[in-house]
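Chains as they are written, first to last, in the numbering used here: chain A, 1 to 214; chain B, 1001 to 1367; chain C, 2001 to 2273; chain D, 3001 to 3263.
Keep in mind that the hints are not guaranteed to be accurate.
Calculated cross-link-like contacts (lysine to any residue; reagent style SDA-like; alpha-carbon spacing at most 25 Å) [said to hold, decoys possible]:
id: 1; chain 1: D; residue 1: Lys3026; chain 2: B; residue 2: Lys1148
id: 2; chain 1: C; residue 1: Lys2151; chain 2: C; residue 2: Asp2169
id: 3; chain 1: C; residue 1: Lys2037; chain 2: C; residue 2: Asp2169
id: 4; chain 1: C; residue 1: Lys2116; chain 2: C; residue 2: Thr2153
id: 5; chain 1: A; residue 1: Lys23; chain 2: C; residue 2: Ile2015
id: 6; chain 1: C; residue 1: Lys2112; chain 2: C; residue 2: Tyr2152
id: 7; chain 1: D; residue 1: Lys3221; chain 2: A; residue 2: Phe128
id: 8; chain 1: B; residue 1: Lys1148; chain 2: A; residue 2: Lys55
id: 9; chain 1: D; residue 1: Lys3111; chain 2: A; residue 2: Leu45
id: 10; chain 1: A; residue 1: Lys29; chain 2: D; residue 2: Trp3059
id: 11; chain 1: B; residue 1: Lys1137; chain 2: B; residue 2: Ile1122
id: 12; chain 1: A; residue 1: Lys122; chain 2: A; residue 2: Ile146
id: 13; chain 1: A; residue 1: Lys55; chain 2: C; residue 2: Arg2128
id: 14; chain 1: A; residue 1: Lys63; chain 2: D; residue 2: Trp3059
id: 15; chain 1: C; residue 1: Lys2112; chain 2: A; residue 2: Ile146
id: 16; chain 1: D; residue 1: Lys3061; chain 2: B; residue 2: Ile1122
id: 17; chain 1: C; residue 1: Lys2140; chain 2: B; residue 2: Leu1062
id: 18; chain 1: C; residue 1: Lys2112; chain 2: C; residue 2: Ala2057
id: 19; chain 1: C; residue 1: Lys2151; chain 2: D; residue 2: Lys3213
id: 20; chain 1: B; residue 1: Lys1148; chain 2: A; residue 2: Glu164
id: 21; chain 1: D; residue 1: Lys3213; chain 2: D; residue 2: Val3202
id: 22; chain 1: A; residue 1: Lys122; chain 2: B; residue 2: Asp1025
These are computed hints drawn from the structure, not numbers from a lab.
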Amino acid sequence: MTSVFWTWVAAFFTLSILSFLYKDNPFYKFAEHIYVGSSAAFYVLQLWVFDVYPKLVGGFQYKVGIEKWILIIPAFLSVLMLTRFIKPISWLSRWAIAFTVGMAAGLGVTGLLQGFLVPQVKATFLPFYVPGTSFWNSFYLSVNNILIVLGTVATIFYFYFSREHKGALGTISRAGITFIMIAFGASFGYTVMARVSLLIGRMYFLIHDWLHLA
Amino acid sequence: MVPLLLSILFSLEPVRNVRAFDTPDDGGGSITVTWEIPESDTFITRIEIFRMEGSTEATPELVGYFLRPQTQFVDNTVEDGIPYYYFVRIRSDSVYVDSKITTTPAISKAQWFSGRRLPALIILVLYFGFLMFYIFKAKTGGSLFIRKIAGLEAIDEAVGRSTEMGRPILYILGLGFISDIPTVASLAILKRVSKKAAEYEAEVIVPCFDPIVMVAAQETVKEGYLEAGRPDLYNEGQVFYLTSDQFGYAAGVDGIMLRQRPGAVFLQGLFFAESLILAETGHSIGAIQISGTTAVTQLPFFIAATDYTLIGEEMYAASAYLSKDPLALGTIKGEDIAKMVLVVLILIGTLMETLGIHWLSNFFALF
Amino acid sequence: MREFFEKLGKIDRRIIYLIVAIGVITPILFKARLPIKPLPEVRQAFDYIESLPESSAVLISIDYDASSMPELQPMLYALLRHVFRKNLRVIMLGHWPLGVPLGQIALEDVAKEMGKKYGVDYCFLGYRPGIAAVMLNLGKEIRSVFASDYKYTPLDSLPMMRNIHNYNDIALLIGLEAGSVGDFWVQFAQARFNQKIILGSTAVITPDIYPYLQAGQIVGLIGGLRGAADYETLVNTPGPASIGMYSQTVVHILVVALIILGNVGYFVLRRRK
Amino acid sequence: MKREIPLAITFISGFLLIVALFIPHKPFGTLQETFNDWYIIVSGFTMILGIDSLLLHNWNKVKRRKSDWPYALALIMSFFLTFLWGLYSIVYEPTHNPFAPTASFLKYFYKSIFVPLQATMFALLAFFIASAAYRAFRAREINSTLLLFSAALVMLGRVPEGEQAAPYVFGIIFLLFAVYFFIEASLLTAGFLKYLYIALGVLLLAAIYPVGKLLLAYLPKIADWIMNIPQLAAKRGILIGVALGGIAMSLRIIVGIERTYLK
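Start from the sequences, fold in the hints, and give me the full structure.
Here it is in structure tokens:
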């Protein structure tokens, strides 16, 4: 019995969200507000159970020496953040923001350097001639490599900012935008399947689990 | 006697060249052990690594094992400064043979510089050099050209049109945390938008996904209003937190779009699958939409559903472009020079690969 | 006539939504099915499970959550049906805490359907934090991370677990992946312990997993809803995925058709200007 | 002071993280993790500000009886009910964890309310992707035509039996283009452009059969090729730009050129 009740609850919320496609209506409004409110609470609980409790409370309990006492810094920064509740000293929260923004900058440099710049450049070092199983196979593989290198270079030039895109730069940056457009089309088409899968999942729930039609 | 006999039967030879040494480029507490497996050993079912602390006389302790042929083991259970000796045992079911014990002690210690990352350091120093050079050059005068970026030109127009229609402006910072650079870049654009809005006395609504981003956005909008000379118009309720659930946030923002009917919608920052939900709803209410993200997978959806899109790096160039700050523009020039260098590097690299010289690509692989 | 073409250029979005909805629902309602030719990597996975001797232990890891459910849940059902039909034993755990219960639902469902007994034919361990740590400890002694199952029953009280201690006692590991946990499985369980692995993945991350298949590091790969449909076909238990495949093809063709219609309208309109 | 201290904090924390990349020795080797832990702690406490903001925002709507205020009240109530339910699971249930598989919080709230809401919101994308494609994919000029073609090829190349449908779909597209070119040509006076259009139209008609054959035989391979060659090249170019721009942006933040929340 309870499982039937909860299936109906799930079906109600599914239909309420879908009704949004027609137009805004009380059902969608209700579902939306419930969703925002309950998910906010959900993430508060999740943050506490999986992050703050083990990292701060657990840290103070199990860590020793400097590793334990250094946790005073984030605790202090947290207090600074909460000074926003007290108007006259709320500017102190900027210190905490400053730390997080500094982290963004530091992680930005290290992450982009290690994760993107060097690997992507390295991956573009492709030979223009690839020996294959036959002449045409070799031709195909070689042309592919040449296309990747040229496409990458042309796309980089599209992002050249400090000069007007005229003349040679104009030509190559236009080639770049052509590559970008083909890529966007392909990437769009590639995603359709995954998105339709999600809808199939929901429809299957309604038809199979709720209405028992199929 | 029996094991010995069997070992002859299976011709189980001990592994050779067992070496143990401090793991390079690490923070200590680690020793790497390597060895070679003789080709005749085809019956190995298990490899065991034994360690002796202090001297070769100490009792051996099993520190690790493999169920398939491997030639390297990293022992992360050692303490710095203590000499260790190792030997490797290979087994074929119940039969086993031990290798010789390592002769030189392995002592773990932490390094002060990661040699592995030298190429990264060189690249970073060179790039920072370019950037700093152009910053100083900008300081000593000389104007810098920057090509037109349509999406940024449209910002003032969008704010103006929205004000004319008597509608608010909706600014969406995406799902990024403040530790993501695209979010910080988006805040720079938000500052410009809120300054313009304050000049026109229009309302800016900023629903947030992350509480720290919310706090930073509140400060940014306040600063924008202050720069426009209208701090009186700012009210903290304009910038508020919704929820940290991806689709809960999308549902909430959709609701705001439908009910407050903004005339201009900005989608700037880090976006994931919700990008199209937001952009399509924004389109359905007839708002002018200016989007921008560095998330390559979401760019096609923004291109399809919004009026203007800042593609990748254009978003980072936005703050320099909008503020016309010569120092910031200097870094844009530095970026462009770095691009030229990279293109030349890529062409040299491909040429070398074509000729079968792998030196450059190995250098880049050092990470 | 001209008006008609112009309308083609600006069909109301609600009509498009309706077309998509009909395209998805009709095949589901009529249980329409396309003849599916399973991809070789999916057949490889199927054949491997077929080859396992009766009552071998299979470890299934739930590394996804609700948002990837439509793709991975049908896969899990098909795999469980196959595994139980072969009288293999299932141990389930997971690395995405919020997805683990979804795995449990499927496990209980299929077990009930096939008349399997908890503790004898299958057991559910749940979630423990620390991805690499859990995987490495499974190589030594499963009890060092999971002293008990999700109901706090000690593992030794479960008949099927008595002789299972580490990867040596597990014939196959099946990881259902929506993120990077699959990389960890390959890195730790396969590279270090030579564990045989089959990965099932969402369409989005499948391209990242292909190299493992090519390198022979995994013995099978089931990618996206398509892979799930293939597996359902192989196991001969048509479910949401095979039914969904029809909807997929219909919707893809509908979208392309809509694009064509839009362009016809657009060109007629442009001609007039 | 109000400005210098935050700038100094940003500089120090950013600079330390960069330096730490090259120093494995303690405490630098683990600095990134340490900072991440700190960040999580700070963000946990900032959540209090977030929740305060959310509840206050909606409570004001209720208090002032703004339109839709009952929904705002529902939001506030759903927040507290969910929160209390979770607390109940923490305090009274044997696992003391609302996210344990046996917790009632997870069994009922998560499975029957949260998941359907999340999954349905996500599923809306199937509709939006169709409407966006219909509206935006117009063959305005050469680049948008290429975008359209690559999208259509990849879309059909990814589904079973897609290669069966593709020859017809592309046949119709080619036919339409040919008709378009002929109409254009008929409206032009004799000249180079007129003959060019006619030639293009004829070419397209002639291409229908061979292209159809090609698609029937190779469509999934063609779709893969588009993904692996041109798509990859452009993606890589964009990513290199993003990396350069992001590093430059980070440097601007560290040296204090970029200060969004400060004057």
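Lysine 2116/C and threonine 2153/C: Cα distance at most 25 Å?
-> The given pair, whose Cα atoms are some 18 Å apart, holds under the 25 Å limit.
Worksheet item: Keeping to a limit of 25 Å between CA atoms, is the pair of lysine 1137/B and isoleucine 1122/B held or broken?
Response: Holds. Lysine 1137/B to isoleucine 1122/B sits at ~22 Å (cutoff 25 Å).
Exercise. Hey, lysine 63/A versus tryptophan 3059/D, does the alpha-carbon distance stay inside 25 Å?
Worked result: Given that 25 Å is the threshold and the Cα spacing comes to 41 Å, the pair is violated.
Has the given pair, lysine 2140/C with leucine 1062/B, been kept, meaning a C-alpha gap of at most 25 Å? holds (12 Å)
Holds or violated: lysine 2112/C and isoleucine 146/A, Cα atoms, limit 25 Å. At roughly 57 Å apart (the allowed maximum being 25 Å), isoleucine 146/A and lysine 2112/C break the hint.
Within a Cα-Cα threshold of 25 Å, do lysine 2151/C and aspartate 2169/C meet the stated pairing?
-> holds (23 Å)
message: With the threshold set at 25 Å, check whether the alpha-carbon distance from lysine 3221/D to phenylalanine 128/A stays at or below it.
response: holds (22 Å)
**Item:** Holds or violated: lysine 122/A to isoleucine 146/A, with C-alpha atoms at most 25 Å apart
**Value:** holds (15 Å)
- Take the C-alpha atoms of lysine 3026/D and lysine 1148/B, compute the straight-line distance between them, and say whether it is at most 25 Å. Violated: lysine 3026/D and lysine 1148/B sit about 47 Å apart, past 25 Å.
- Is lysine 122/A within 25 Å of aspartate 1025/B, Cα to Cα? holds (22 Å)
Q. Taking 25 Å as the top limit, are the C-alpha atoms of lysine 23/A and isoleucine 2015/C close enough?
A. OK: lysine 23/A and isoleucine 2015/C at ~13 Å, within 25 Å.
Straight-line Cα separation of lysine 29/A and tryptophan 3059/D no greater than 25 Å? holds (17 Å)
Of the numbered hints stated above, those contradicted by the structure are hints 1, 3, 8, 14, 15, 16 and 19, listed in ascending order.
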